[in-house]
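From first to last, the protein sequence lines stand for chains A and X.
Those letters in the first sequence? Residues 711 to 862, per the working numbering, in order.
Those letters in the second sequence? Residues 0 to 110, per the working numbering, in order.
Keep in mind the hints are simulated off the structure, nothing from the lab.
Fair warning: there could be bad hints in the mix.
Stated by the list, open to error - Non-contacting residues of chain X with respect to chain A, defined by C-beta distances greater than 12 Å in every case (computed):
1) D5
2) Q8
3) A39
4) R40
5) S44
6) Q48
7) C53
8) Q60
9) R63
10) I65
11) Y66
12) K75
13) R85
14) S86
15) M87
16) E96
Said to hold, decoys possible - Straight-line Cα separation of at most 35 Å, DSBU-like style, residue types lysine-lysine; simulated pairs:
17) K72(X) to K794(A)
18) K794(A) to K94(X)
19) K714(A) to K779(A)
20) K73(X) to K832(A)
21) K824(A) to K723(A)
22) K100(X) to K764(A)
23) K741(A) to K716(A)
24) K741(A) to K842(A)
25) K824(A) to K100(X)
26) K714(A) to K45(X)
27) K72(X) to K779(A)
28) K794(A) to K102(X)
29) K842(A) to K72(X)
30) K832(A) to K723(A)
31) K102(X) to K723(A)
32) K72(X) to K756(A)
33) K45(X) to K794(A)
34) K714(A) to K824(A)
35) K75(X) to K723(A)
36) K824(A) to K57(X)
37) K45(X) to K764(A)
38) K94(X) to K832(A)
39) K759(A) to K45(X)
40) K57(X) to K723(A)
Idealized CB from N, CA, C, for every residue including glycine.
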Amino acid sequence: MELKTKINAEEGKQELLITREFDLPLEFLFKAYTEPEIVEQWMGTKVLKLENKKHGSYQFETTDSQGSKHGFNGVIHEFSPYQKITRTFEMEHTPFPVQFEFLEFEELTPDTSKLTMHIIYKSIAHRDQMLKLPFAQGINMAHNRLQNLYIN
Amino acid sequence: MNLRRDVFQAIADPTRRTILILVASQSMTAGAIASNFDTARPTVSKHLQILTECELLKQEQNGREIYYHINAKKMKEIAVFIEPFRSMWDDRFNKLENIMKLKMNHRQIKK
Numbered sequence: 711m712e713l714k715t716k717i718n719a720e721e722g723k724q725e726l727l728i729t730r731e732f733d734l735p736l737e738f739l740f741k742a743y744t745e746p747e748i749v750e751q752w753m754g755t756k757v758l759k760l761e762n763k764k765h766g767s768y769q770f771e772t773t774d775s776q777g778s779k780h781g782f783n784g785v786i787h788e789f790s791p792y793q794k795i796t797r798t799f800e801m802e803h804t805p806f807p808v809q810f811e812f813l814e815f816e817e818l819t820p821d822t823s824k825l826t827m828h829i830i831y832k833s834i835a836h837r838d839q840m841l842k843l844p845f846a847q848g849i850n851m852a853h854n855r856l857q858n859l860y861i862n
Numbered sequence: 000m001n002l003r004r005d006v007f008q009a010i011a012d013p014t015r016r017t018i019l020i021l022v023a024s025q026s027m028t029a030g031a032i033a034s035n036f037d038t039a040r041p042t043v044s045k046h047l048q049i050l051t052e053c054e055l056l057k058q059e060q061n062g063r064e065i066y067y068h069i070n071a072k073k074m075k076e077i078a079v080f081i082e083p084f085r086s087m088w089d090d091r092f093n094k095l096e097n098i099m100k101l102k103m104n105h106r107q108i109k110k
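Chain A extracted, bound-state conformation (with noise of 0.2 Å):
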């Protein structure tokens, strides 16, 4: 099947565009982005704070397959209520850098709605490494994989 996300990382930049059309009224949308219980239904994660403000600031915290804690937060630079939401986002106790966000929010039709996300990182390498994480963590969860069969 199709995935409705579409992401463009051009060779040789160190930003990124995912944009994803949604059958969601561009009000829902957004509340899915500033009500702290949904944000951790679809996030996956623990919110331990969420300020929908200029100069506020947010903070999660994931709990992974092994009960490792990880924490995630970042400050808002920009809110505008179902238009735009502009943020940084850092990986706490990880060697990446700080990244910068700008979230648009658009409405389509009554029915359906848009959300742009624009992520400047600070270098190219840095892109790219952040790109090959979910692929490292295939690796992973194929190499555990692995080894349970060889030790079953």
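Start from chain A and add chain X according to the hints.
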């Protein structure tokens, strides 16, 4: 018919991405790779052929067995690793959409 194979075509398929992830952790024979899937063996062979033709996998003879291993040089191309990243976001956004659709229905019932 000999179609021109490229990396984009190779990674467009979820089974082929899983094969790459499996082989990335260690070299494997076609049989060992196929044992990870419920699909028929010839289907997996076809996927291996495509991955080999576009140089993401390399074959190596070891005694009577042929082992598949990953071509690290080709794996450096952005296109190869962007698909798992895209799937990750697509899963999250699908969840977001489903949760909000439920909330919309609840609200309509209340009205």
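Margin query: Flag every earlier hint the structure violates by its number, smallest first.
Written below: 12, 13, 14, 15, 16, 17, 31, 32, 33, 36, 37, 39
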